[in-house]
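> Read off the chains here:
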Amino acid sequence: MKTKLTALVAAGMMAAAPAMADLVVPNLSYRTGPYGANGTQYADGFNDYFTLLNERDGGIGGEIVQVPECETAYNTEKGVECYESTKGSGALVYNPLSTGITYQLIPKVSVDKIPLYTPGYGRTSAKNGKVFEWVFNAPANYWDGASGAINYLLAENGGDLNGKKIALVYHNSAYGKEPIRTLQDLAAKHGFSLTEIPVDAPGQEQKSQWLQIRRDKPDYVLIWGWGVMNQAAIQEAANIRFPMENFIGIWWSGSEVDVTPVGAGANGYKALTFHGVGTEYPIYGDLKQYVIDPGKASQGGEHVGSVLYSRGMYAALVISEAIRKAQELAGTSAITATQLRDGFEQLDITPARLEELGLPDFGPEIKMTCDNHGGSGMSRMQQWDAAAGKWNLITEFSEPDQEVLAPLITEDSEAYAKEAGITPRDC
Amino acid sequence: MIYREAGDFKTGYRDDGQTFPIRLDRWGYYAALAVAFGIIPFVINDYWANAVFVPFLIYAIAALGLNILTGYAGQVSLGTGGFMAVGAYAVYKLMTAFPEISVVIHILLAGGITAVVGMLFGLPSLRIKGFYLAVATLAAQFFLVWLFNKVPWFYNYSASGQINAPERTVLGWAVTGPATSAAGKYLVCLIFALLLAWVARNLTRGTLGRKWMAIRDMDIAAEIIGVNPLTAKLSAFAVSSFFIGVAGALLFAVYLGAAEVGEAFGINKSFLVLFMIIIGGLGSIFGSFAGAAFMVLLPVLLKNVLVGSFGWPTDLAAHFELMIVGALIVFFLIVEPHGLARLWALAKEKLRLWPFPH
Chain P
192 MKTKLTALVA
202 AGMMAAAPAM
212 ADLVVPNLSY
222 RTGPYGANGT
232 QYADGFNDYF
242 TLLNERDGGI
252 GGEIVQVPEC
262 ETAYNTEKGV
272 ECYESTKGSG
282 ALVYNPLSTG
292 ITYQLIPKVS
302 VDKIPLYTPG
312 YGRTSAKNGK
322 VFEWVFNAPA
332 NYWDGASGAI
342 NYLLAENGGD
352 LNGKKIALVY
362 HNSAYGKEPI
372 RTLQDLAAKH
382 GFSLTEIPVD
392 APGQEQKSQW
402 LQIRRDKPDY
412 VLIWGWGVMN
422 QAAIQEAANI
432 RFPMENFIGI
442 WWSGSEVDVT
452 PVGAGANGYK
462 ALTFHGVGTE
472 YPIYGDLKQY
482 VIDPGKASQG
492 GEHVGSVLYS
502 RGMYAALVIS
512 EAIRKAQELA
522 GTSAITATQL
532 RDGFEQLDIT
542 PARLEELGLP
552 DFGPEIKMTC
562 DNHGGSGMSR
572 MQQWDAAAGK
582 WNLITEFSEP
592 DQEVLAPLIT
602 EDSEAYAKEA
612 GITPRDC
Chain Z
51 MIYREAGDFK
61 TGYRDDGQTF
71 PIRLDRWGYY
81 AALAVAFGII
91 PFVINDYWAN
101 AVFVPFLIYA
111 IAALGLNILT
121 GYAGQVSLGT
131 GGFMAVGAYA
141 VYKLMTAFPE
151 ISVVIHILLA
161 GGITAVVGML
171 FGLPSLRIKG
181 FYLAVATLAA
191 QFFLVWLFNK
201 VPWFYNYSAS
211 GQINAPERTV
221 LGWAVTGPAT
231 SAAGKYLVCL
241 IFALLLAWVA
251 RNLTRGTLGR
261 KWMAIRDMDI
271 AAEIIGVNPL
281 TAKLSAFAVS
291 SFFIGVAGAL
301 LFAVYLGAAE
311 VGEAFGINKS
321 FLVLFMIIIG
331 GLGSIFGSFA
341 GAAFMVLLPV
351 LLKNVLVGSF
361 GWPTDLAAHF
371 ELMIVGALIV
381 FFLIVEPHGL
391 ARLWALAKEK
401 LRLWPFPH
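Just so you know, the protein sequences line up as chains P and Z, in that order.
With the working numbering applied, the first sequence covers 192 to 618.
With the working numbering applied, the second sequence covers 51 to 408.
Hints were generated in silico from the structure; no laboratory data involved.
Please read these numbers as outputs of a predicted model, since none were measured by experiment.
Any given hint could be a false lead.
Stated by the list, open to error - Within a straight-line C-alpha distance of at most 30 Å, the following computed DSSO-like cross-link-like pairs (lysine-lysine) qualify: (1) P:K380 to P:K408; (2) Z:K200 to P:K609; (3) Z:K143 to P:K321; (4) Z:K200 to P:K408; (5) P:K304 to Z:K143; (6) Z:K200 to P:K356; (7) P:K380 to Z:K200; (8) Z:K200 to P:K398; (9) Z:K143 to P:K609; (10) P:K355 to Z:K143.
Just chain P, same shape as in the assembly (with noise of 0.2 Å):
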């Protein structure tokens, strides 16, 4: 019984790692837990993106790619799990879709030299590709995405801030703070006044931080939200009567699942975001025929071509076109990861090429090198419609401020540097 019992545990332990061969990105995603209504989606689009390119064009490059699961969570403990138990199958490329992850597998991937590619998440200043060899973040990060915000609002109000009140609400976490620094550049640059106002995760109760802005009545509200959060944020502005077309949420904090709760009370909430949304894309009609109409959608396809969903089937995009690019560089189909890093770094997503793919003007171009991991951090900003159910885009593709985020940047990255005893590359 013991014996039987010990074998059946060794088996199990051993029964992680799929088959080797083929390209293997896995996909650490999270469906449980408080932030699970948003990772759903955002995992199917993932998982979709390949299934449609391995049943339509065969994989890439006739390598069939393999997207095995693990579920962390958004547990940063659970997460370290996921990714011993997946690196050892080749693995590629990692996506964990947490900010708290990402900053714990920086430096382990750096060590396994796997690629990491964080999208809109993770250390912004893991732009700098001569500190951060292994990281990316294309096409945008969250300092683009402050800038982004500050500089609608500038657009706003005829390119002057001066005076106005700006208070970000932000999960206490790694997360909430990234912006913290740059927005205090830009009220220094700008001459507005900033306050922080922290959320302790995951973000089900926020009173007490609503009731501080109805004091202070601020001109505009940022959020920086994840998961239950947003909903929170938003029903709770909407119950202070807060003019919504005055608030402003990151990429994180503007899906569908943030705002249909609230109903009405939502309309004209506006959010940053980073690719386009809903389903009016060709890409769509050879989804429907090879993954959606046959049953092989992930999870049943319940959540296509919502602002998530377009998030995560942007990232496959992204690293599938890395892969492209690094069989091309390397002669070879099957890649290795050290490869697929040169492929990134060499990456050049044109609009004729979105085009190419079925998804005209989805994304800004993406264009890295060696020393640029972030591509041009261009954003739109889009608008919840409360009776339509829908986002619409209301501004074209913007550049952040560079001039306020590339000192931050280079200050970041070299304190890294400093800290974990890096050389910083020559490119």
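We have chain P already, so just place chain Z on it with the hints.
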């Protein structure tokens, strides 16, 4: 038949008082040590170290610490996560401020700092008991997490509030930082766990441990027979917090490598360690290890069986995992409220009589 005391003669007080009075137990203990030091370090890989052994050993240390306070001295604490955070931030500040000093000394010092903080938050225990004390320690949990989030000095003013463990070596081997080998991580945790378990075992069967147990069983009676509640309770808080501080330091520096206080040391951690000692067995050294093993290994095992072998969707498996672990906790509490340690003791009793029970 095999497992018995007959023929194992004790010829002195020292023999009589030893931890493993039965020869087979002793052999088992030495065999476990030989495997732990002689075999595992050579075969361990990153997955086994990071998913199984290192968290098990670190949580065993934390469970030992909480068991001293709750199991032996009877003071209920919900501040474990906060005290682990003290250990983690203390070791981080020490590692970055004095890089030339060995990290082992830093981990021990972090334990010492946590002991001082623990004593401070133990002061209310002199006036309040039971659930009320639990609430006071809960306040410690929330206060400490808030403090490490609020004051940038603790995280060296980094933009994100994260702390990252720089690389440090012991005898030329990296034990913290990303380049650490699986065996290095495992061995440093194993040595700490073994030494601390040895200290705990000897403290709890000496004068100090008897004082703690006297306070736990009836504090007024203990006071009448000459136990000073002030020193007994505060020493329990100090020793317990030392253990928990070391566990927190190891969790951050050796296991995670980067941490964020709200996520890594939140209230969930306090409950996790409390469940470990309840399931393992209150007032038992073996129980601390058994409880840690149960709470760390079972989810990993279930995940691998459900997702890896049965091919279930990951979310379904994650929900089932919660349900199974929860159901097992309830089952254990009903069937054996004294935990795995008691089950183990019963099994040994039965084995001694086997095959001729009364």
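> Run every hint past the structure and note whether it holds.
For each hint, the structure was consulted:
1. Distance check on the hinted pair: K380 (chain P) and K408 (chain P) sit about 22 Å apart at the alpha-carbon level, within 30 Å; holds.
2. Proximity of K200 (chain Z) to K609 (chain P) is assessed by CA-CA distance (about 24 Å); at most 30 Å being required, the pair is judged to hold.
3. Using a Cα cut-off of 30 Å, the hinted pair K143 (chain Z) and K321 (chain P) holds, with the two alpha carbons roughly 27 Å apart.
4. A C-alpha spacing of about 24 Å is found between K200 (chain Z) and K408 (chain P), which places the hinted pair at or below 30 Å, so the restraint holds.
5. Proximity of K304 (chain P) to K143 (chain Z) is assessed by CA-CA distance (about 29 Å); at most 30 Å being required, the pair is judged to hold.
6. Taking the CA atoms of K200 (chain Z) and K356 (chain P), the gap is about 22 Å. The hint holds against a cut of 30 Å.
7. For the hint linking K380 (chain P) to K200 (chain Z), the alpha-carbon distance of about 25 Å falls within 30 Å, and the restraint holds.
8. The hinted pair formed by K200 (chain Z) and K398 (chain P) meets the criterion: a straight-line CA distance of about 20 Å does not exceed 30 Å.
9. Taking the CA atoms of K143 (chain Z) and K609 (chain P), the gap is about 16 Å. The hint holds against a cut of 30 Å.
10. Straight-line distance between C-alpha atoms of K355 (chain P) and K143 (chain Z) comes to about 38 Å, which puts the hinted pair past the 30 Å bound.
The structure shown violates just one earlier hint, number 10.
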